[in-house]
Every structure is written in structure tokens, then in C-alpha cells.
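Numbering of the sequence shown is given in our numbering, commencing with residue -6 and proceeding in unit increments.
Note that these hints are calculated values from the structure, not bench results.
The beta-carbon is built from N, C-alpha and C at its ideal position, and this holds for glycine as well.
One thing to keep in mind: the hints can contain errors.
Beta-carbon label-pair distances, calculated as ranges [claimed, not checked]:
hint : residue 1 : residue 2 : range
1    : R44       : D151      : 26 to 34 Å
2    : D9        : E191      : 21 to 29 Å
3    : P127      : T205      : 41 to 49 Å
4    : P41       : T205      : 48 to 56 Å
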Amino acid sequence: MSDQHPEATIRPMRPDDVETAERLSAEAFHELDLRMHPRSLPEPVIRPPERGAAWVRRTRHFLETDPEGCWVAEDASGMLGFATSYNREKLWCLATYAVRPALQGQGLGRPLLAAALHHGRGSLRGMLSSSSDPRAVRRYRLASFTLHPQMYLHGAVDRTAIPVGTGEKVREGSAGDIDLMDSVDRLTRGAAHGPDHEVLLDTWRLLVSDTTTGAGYAYVGGGSVALLAATNRRTASRLLWTALADTGPDDGGTASVPHVTAANHWAIDVGLAARLELRTEGYLGLRGMEPPTPYLHNGALL
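Using the sequences provided together with the hints, build the complete structure.
See below:
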């Protein structure tokens, strides 16, 4: 197996690359899903339009804030792979990293990741959310990331388990809460999300809890928790219970709480109390930091 792809060029991503990268991403992650969870008959590579549009919106955002963190591998046939990353207050994050399935293992991934990592050379900490793909996991470990197994909770919420008074100290949030959220971010993961809140607000519903005993927030929607951060576990649990209680028929009757690390057993306790099923999937990769808590990270906006 070759350590490099001699005909490929690594160059900065351009705005007109984004839609091609979205299709490549859908193809690559569909192939990974088939490999890690085989099915008798492969389904077509179709990403729901709303998810595709959100992916494009998010990636254009990274190009606007961190053009030096976004890279493409290409040859005469077109795009072969890409990586997007960004810096937030001395925290470097890898958003997305993919190579066309037929070309994986040919050495394209290493220079792409190296280019993205170079963008974070001045950052003290690093975060990424990895699939369970052994090749990706190996690449991240070789880049000195510690790997923390991720769990996820999924299933129908037992409505009888929802504590009385859930939601009483939680309100709808808005852009006016960004300073509060950035403050919570700095306490939990060491860096604010800053401009990323604009994208999150466009995509998800925001819940906020701000009392004399603690503060926190959660982005939720479609029965899923997209991101949750709080100054203490009681506030985090209150936000998670509120998100689960708000799950309804429009969400297919199920709730999903992804990206739970062992540092966040409070979330496991809430999920199991709500009768959700607990499984493992992928890793949180970290450099220069411990797993954030109380914190449930986002897959791309971490």
C-alpha cells in the first residue's frame, strides 16, 4: 500500500468546492456506515436535503472564518478528499475529514490532515469527533490525540420518568445569550464558540438555564441534542431532561443524545432513567485537554 498519492495536489478549499465536498462527504460516510454496520442490500447514497443544506451552510462558515484551515486533495479527475478545521481561542477543532471510498488507504489522508493541523499550530488544545473507522482512528492517534470512547443514547422517552417541574427553570434562548454561552464554553472546554453560535442558532432550537446556582444551554431539534454545556451537573441534567420532555410525535417518537463521554455520566444517568438505550460509537479525540464536562459536544462544531 503506497504512503502517498503522487498525482494528487493539496490546495486550499474554495467556495465553489463546497457542494462537491458535501456530495463526497455523503458518499464517504455512507460507505463507512455500510462497512461498520453491514446490510444485506446497500441503500443509495442519499443525504436528506435539509441535512445537505445545513452541511453546506456550516462549511461555508468555516471558509469565511478559517480559510487556512480548509483543504482539498484533487487530481485531473476532480476532488479526491478534503478536510475542514478552525481555531477558537487557542482551541483547534477538526470539523470534517473525508477521502473518496475507492481511494482510502492510498496516502491521501495524511497530507490533508497535516494541512489542517498546521492551521492549529498556535493552539494549545485540540478536539475532533471520530468515527469507529480503524484507519481514521489510527491517523488521529499518530497525530497525538488521546481517544475517548463515545456513547449515545437513543429510544422512546418514558414520559412517566420525567421529573415534576422539568422545564420550569429553562427558557427559550436567542442571540442575546451568546455572551452567556461563550462564558459557559470557556469554563467547560476552555474556549468560546464565538461565531459558531450564529450557525447553531440558524440550525437548532436554543434552550437556556440561568439561575443563581448555575448556567447552561442546549441546542436541540429533531429529537436530538446537538450541543449542551453547563457550569454544573444539576443545570446540565435540567437542560437534558427538558430536551427529552420536549420530544414529540414530530420527532418520530424517539430521542437521541449522541457524543457522551465517560466524563459525563450525569447524561447517562438521565438517559437511562428516561429508558433510552445506551450504545457506543466512535471517539472524542483530544490534545492538551481532558474531556469537557458537563458537556455534550457537537460532531462538527464541537
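Tested hints:
| no. | hint | in the structure |
| --- | --- | --- |
| 1 | R44 x D151: 26 to 34 Å | holds, 28 Å |
| 2 | D9 x E191: 21 to 29 Å | holds, 22 Å |
| 3 | P127 x T205: 41 to 49 Å | holds, 48 Å |
| 4 | P41 x T205: 48 to 56 Å | violated, 42 Å |
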